[in-house]
Each structure stands twice: as C-alpha cells, then as structure tokens.
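2 protein chains.
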Amino acid sequence: MVRVALAPHTDQHLVGAIKDAGGQLVSPDNAEVLVWLGGADDFPQLADGVEWVALKTAGIEEFVTAGVIDDRRKWTNASGFYAAGCAEHALGLLLAGLRQINTAIRYGWDKERIDPEVRTLRGATVGIIGAGGIGRELTPRLKACGARVVAVNYSGRKVDGADETVPAVRLDDVWGRVDHVVLAAPSTPSTHHMINDASLAALPSHAWVVNVARGPLIDEAALHRALIAGEIAGAAIDVTDPEPPAQDNPLLTLPNVIVTPHVANPASRLTEEMAPWLAENIRRFSAGEELLSRVSSGRDY
Amino acid sequence: MVRVALAPHTDQHLVGAIKDAGGQLVSPDNAEVLVWLGGADDFPQLADGVEWVALKTAGIEEFVTAGVIDDRRKWTNASGFYAAGCAEHALGLLLAGLRQINTAIRYGWDKERIDPEVRTLRGATVGIIGAGGIGRELTPRLKACGARVVAVNYSGRKVDGADETVPAVRLDDVWGRVDHVVLAAPSTPSTHHMINDASLAALPSHAWVVNVARGPLIDEAALHRALIAGEIAGAAIDVTDPEPPAQDNPLLTLPNVIVTPHVANPASRLTEEMAPWLAENIRRFSAGEELLSRVSSGRDY
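Those protein sequences? They're chains L and X, same order as listed.
Last residue of the first sequence: 301 (the numbering used here), numbering continuous.
Last residue of the second sequence: 301 (the numbering used here), numbering continuous.
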C-alpha cells in the first residue's frame, strides 16, 4: 500500500480517493506521497522518504520562487482538473466581449452603444497561447461555435482538434494571423509580458484578448495604451498583476475591459474534481507508471 | 427564369444571390417571388402572380397580426440564417450569468460578491424551449460545454444531438427537470407568458432563464417577483415586452438580470447571411421542390 499524507488539512473527497486507490493515510514524516493543499509560504520541510508531491494549484510559480521544488522528487500540479472550468470561463469572457454583453450591462438598452457589427466566433480565428489542459478543453468549445483554432504550445506537438499548432518559438508570427487570443500559459520568465506593445500592435483592431492564466503575461500599461488607442477591441481578464488590482488601476474603468476576480477555477469544487485524478495518479505511482501533470522547476509551456 | 422582386429597397448580396440562382429581377407587379425587406406596416398589396413571399424576420407575428399572410401563397421567414448568431448569443448570455461575469462588471474586483459555487455548464441540464433552427445550432455548443440538452418542440420529433426531446404539450413537466432554460420559441398565443408564476416556481433556485426569442414569452412581473424572492438565480434576456423597455421597468435595475438590446441577430450581416439561403430557395422554387423555412399564419412551434 502506498503511504500518502494529506496536509496541512484533511479533505473528505481526497481521503476517499486515496482509499479508493488502495493508499494508506499516514503522517507527512512517514509518507511516500505528500498531497499538499496549502500554499508556498507554509510548505513544510520534506521527509527523505517523500518521492512525490502533489500540489493543488495550476500555476506553480510561487513554489518555484520559494525554491521548494527539487529535482530528486516527482512534482505534480493541478492543471488537469482546473482545465474544463477555466476553458468555460474563457469562452464566457470571449463571448461577453464579442457579443458586447459588457456594453449592455454598463449602458442599458441603448442600441446606439452597440457596434452594429456585433462580432461572432463563427468564422473567427482564435489563438490559444499556451495550449495545455485548458487548450484541450477550450478547443472543442470554440470549434462548436464555428471558430478556427490556432494553438501555440512549447513543443509544437499537434493539439487534438486544433486547426493548426504552432511552437512557442514562432509565437511572434501568430499575433497578426488571429482575430482573438486566449492566454492559457504558465507564468515564467519567457511568458512574462507576452502581451506588450509589439504583440498588441500586431493584433487586428477587432481583437479581444482573454487572460485566464496569470496577470504577469500582460504588460498592463501597454494594454491600457492599446485599448485607448483602439489598437485592439477589448480585453477580458480573470487575472491581474498584482492581485487584487490597485484601486486606481486604469484598466478597471475602461468600458471595453471585463475583469472577473480570479474565479475561472472556483475553489469550492477543487477537491471534488481533484479526487478522481488523485486516485488515478496513486494507481500510476503504485504501478511505477508515468504520473499525470508532472512539473519541474525549469518547465515552461 | 424565375421572376423575383426585391422590395422596398435593393441589396447587393441578395441581387447577387437571385442572379446566381438563375432568377430575373423584376418589379413587384410582375413577380412570381417577392423578397420583402420591410416590415408589416408598409407591406404592399400583392399582385396575383406572386406565389411566394420571402420575409426577412425570424418572428412573423407582426405579419400575422396585420393579416397579410394568406393561404394561397407560400411564405418563408428568416429563422434559418439567424439561428447560428442567436444560438451564440444565447450561449454568451447563459455563460455570462453562470460565471457571474455580470456581477464582476457591476461590482469590480470583489470576491465577496461572487458566489463561491461559480456555476458551470458541465453536468448541467439545459432546456431549449422551442427547439427549431436556434435549437439545432445551440445544442452542439451546449454539448461541447459538457451540458445535457432537453429540447422541447411542437412535434416532439427528435432534435439531433439533444439528449431528450419533449413535445410542447408536455412542457409543464420540463421546468422541474432542468437547471437552466433558453427560450427560442416564436411569439404565439400558446407561447405567451410561458415563463409565469407556475413555471418560475417549478424551476430550481439556481436556474438562469435566457430569452433570445420574443419578449411576450415572459410574464415580466412574475419574473421580477421570482428574482426578488430568489426562486431562480437570474435572467439574461435579449428581448423585452414592449421594446424598448419602459425606463422604469424594474427588471433593468436588478443585479441578477442581464439585458442586451435585441442584438442576438445583428442586422448588419442579415442579407449577407440570407444570400445563400435565398439562392437555394429560388433553385427549389424553380424545381418545384419544398421551400426552406416555410411558415403559415396558423403555425406554432
């Protein structure tokens, strides 16, 4: 039986998953596997016997920064089971922008405020930048709406269902070939400020930029300039840099900006959705198979 | 050659379609086919030779009320080529409600305002009431988001892709078995106020009601009572009764109501989208085949 510790607190869904997978609940000192439901700040000193640490967040940059991720253990993140919810939120944000639902909420029944060319996903090309788990979930949703999908990922390995997959090294070619973009990449040095003066200038003037990933992917000052100048049509973001945003962040007052307060992946259902994944990963660990959602301190997207 | 009149004004897309289909443009007096781009108010006296009238609206209740629709001619409406846009708008409205994008737009970055149980289409059952053209387009979009679809139509004939199709005579059984509803039925005496005290009481308290059809399908006073009482979670509507809504319509000020000003089917692209349909229907008319989008004064949904 695999010895699994659940810390810093217990959880009924995960206890059930651990038992279902044939695991034995033990204390962290005695564990082969640590399922860590806390943040980076209170991450514990790991016992030597811990071979695999399962983190509960999708973005692991806090743990990387804190220096807790080592190379001698296996580490997994939570990207897989956040993916469907984030993809749905991204679709909702994109449609809210394209269909000018934000304009209607702000200004009421005023057809003069609505661009008569209400934009649509039908026939539009959407770039998914950082097409991992969220991209796999978002692609079929966009295709069902009649959009064309250009996926950008680190390897350039084809994303199922996407019309085209582009490796990240060729990202600069993508901005001018899409109608809209959804950012779904992790926050790393190479993704920092990927939305900047140059990429905003390359996007078409009717583009909406959606961010369900991490705030630092966007240079917010450049985004503000581009929105004021009409270089793009709008931005719909679930994340800011920093969070919460400063009260005087000028993006918050623009009519063509939609901001949701980092709710693409609701915390309330996390462990319920994590449970089957954890059970499968414990089974894989027991069998010596490759773990799902492996990450490392040096991993990009 | 089929003799086609285009009135009360011309249109480049439709002129192209008529010529592509082998039609000949003539005056209304001399036409077999009248493509009418106006409303019911200025509808002309029809020449005896007119065998088919193509209307540009999806809902034809104004023409029914004006008594212009007769039984000796064929009549078609525009439901088919509005359908995809309306379906996309319905999906956008539903997601804006479920993901609480309206709350975020109204209140800014305030997690306390967001119900921690951000609702999702995944695993939800959505009823499409009046599942014709819009329903056929909306069903695959909802399925791609992981929802279960219960379609209600007049005949009960199975809607492709829907998990269940229910005939309209059994509509009262549906309210209690769905999480959310999208109204897509025409405005007729039998659909008048289908959202009323009884149906609102039967819907679950987490339900969103979306209306991309016609305002009179909803008893707005009953909807207001239900929203205040928490009988349902919210309403996202593209239509009101009357339109535009009265400035003191109390629905407009509720935080859990989203109103867009009848823009599900943008007028700007109407004739462009209508053109291939018109060409196909002229071809069918020439060949003596069944026309697409036939309607009659007595037709329900």
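Keep in mind that the hints were calculated from the coordinates and are not lab data.
Do not rely on the hints blindly, as some may be mistaken.
[As the list claims (entries may be wrong)] As a list, the in silico DSS-like pairs of lysine-lysine whose alpha-carbon atoms are at most 27 Å apart: (1) X/Lys158 - L/Lys158; (2) L/Lys143 - X/Lys158; (3) X/Lys143 - L/Lys143.
[Stated by the list, open to error] What the simulated footprint calls covered on chain L by chain X, stretch by stretch (three residues with Cβ under 8 Å from a Cβ of chain X suffice, anywhere in the stretch; the number is not a length): (4) 23-32; (5) 107-113; (6) 119-132; (7) 159-170; (8) 213-227.
[To be verified] Partial pick of chain L residues on the chain X-facing surface, computed with a CB cut under 8 Å: (9) Gly85; (10) Asn102; (11) Pro116; (12) Leu292.
Built from N, CA and C at the ideal position, the CB exists for glycine as well.
Verification of the supplied hints:
Between the alpha carbons of X/Lys158 and L/Lys158 the distance comes to roughly 36 Å, so the proposed pair goes past 27 Å and is violated. Distance hint between L/Lys143 and X/Lys158 is fulfilled; the C-alpha atoms sit about 24 Å from each other, no more than 27 Å. The straight-line distance between the Cα atoms of X/Lys143 and L/Lys143 is roughly 12 Å, inside the 27 Å bound, and the hint therefore holds. Here's how the segment 23-32 of chain L fares: 0 of its residues keep a CB closer than 8 Å to some CB of chain X, so the rule of at least three is not met and the hint is violated.
Taking a C-beta to C-beta cut-off of 8 Å, the segment 107-113 of chain L contributes 4 residues in contact with chain X, enough for the three needed, and the coverage statement holds. Remark: the segment 119-132 of chain L is confirmed as covered by chain X, as 3 of its residues place a Cβ nearer than 8 Å to a Cβ of that chain, reaching the required three. Coverage of the segment 159-170 of chain L by chain X is violated [criterion: at least 3 residues with CB-CB distance below 8 Å; count 0]. With 0 residues bearing a CB less than 8 Å from a CB of chain X, the segment 213-227 of chain L misses the requirement of three and the coverage assertion fails.
Hint status for L/Gly85 relative to chain X: holds, with the closest Cβ pair at about 6 Å, below 8 Å. A distance limit of 8 Å between C-beta atoms decides the matter here; for L/Asn102 the minimum to chain X is near 6 Å, and the interface restraint holds. Taken as an interface hint, L/Pro116 checks out: its beta carbon lies about 4 Å from the nearest beta carbon of chain X, inside 8 Å. Of the supplied interface hints, the one on L/Leu292 is violated, with its beta-carbon coming no nearer than about 19 Å to a beta-carbon of chain X, more than 8 Å.
Violated hints for the displayed structure, listed by number in ascending order: 1, 4, 7, 8, 12.
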